[in-house]
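Student: Sequence:
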Amino acid sequence: MTDLSITEAREHLSDYADKVAFKGERVCVKRNGKPVFAMVSVEDMQLLEAIEDKIDIAEAQKAIRRNKFTSWKQAKKKLGL
481 MTDLSITEAR
491 EHLSDYADKV
501 AFKGERVCVK
511 RNGKPVFAMV
521 SVEDMQLLEA
531 IEDKIDIAEA
541 QKAIRRNKFT
551 SWKQAKKKLG
561 L
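At the far end of the sequence shown sits residue 561, using the working numbering, and the numbering has no gaps.
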């Protein structure tokens, strides 16, 4: 992974966009030495989202098995709908 300052990222955004998009490179952009965001390929982003979805589904299934969920009727009542 490449680390860049915000200034470097701004000055060379197009170059790093190409490296991320076409070479699969990952870039961590830092402000004052602290990570503030990352640039990843669309494929990496889609993979992360798929992993998050699987985790969410697994957690929901566990909650259902333990009866720790709110029915749609209860949710509407709590929200005043």
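Hints listed in this document are in silico derivations from the structure and should not be mistaken for laboratory results. Please read these numbers as outputs of a predicted model, since none were measured by experiment. Careful, some of the hints might be misleading.
As the list claims (entries may be wrong) - Cut-off 25 Å, straight-line C-alpha distance, at most; resulting in silico cross-link-like pairs (DSS-like, lysine-lysine): (1) K553 to K542; (2) K558 to K548; (3) K514 to K499.
Student: Indicate, hint by hint, whether the structure satisfies it.
Tutor: Structure-based check of each hint:
no., hint, result
1, K553 to K542, "holds (20 Å)"
2, K558 to K548, "holds (16 Å)"
3, K514 to K499, "holds (22 Å)"
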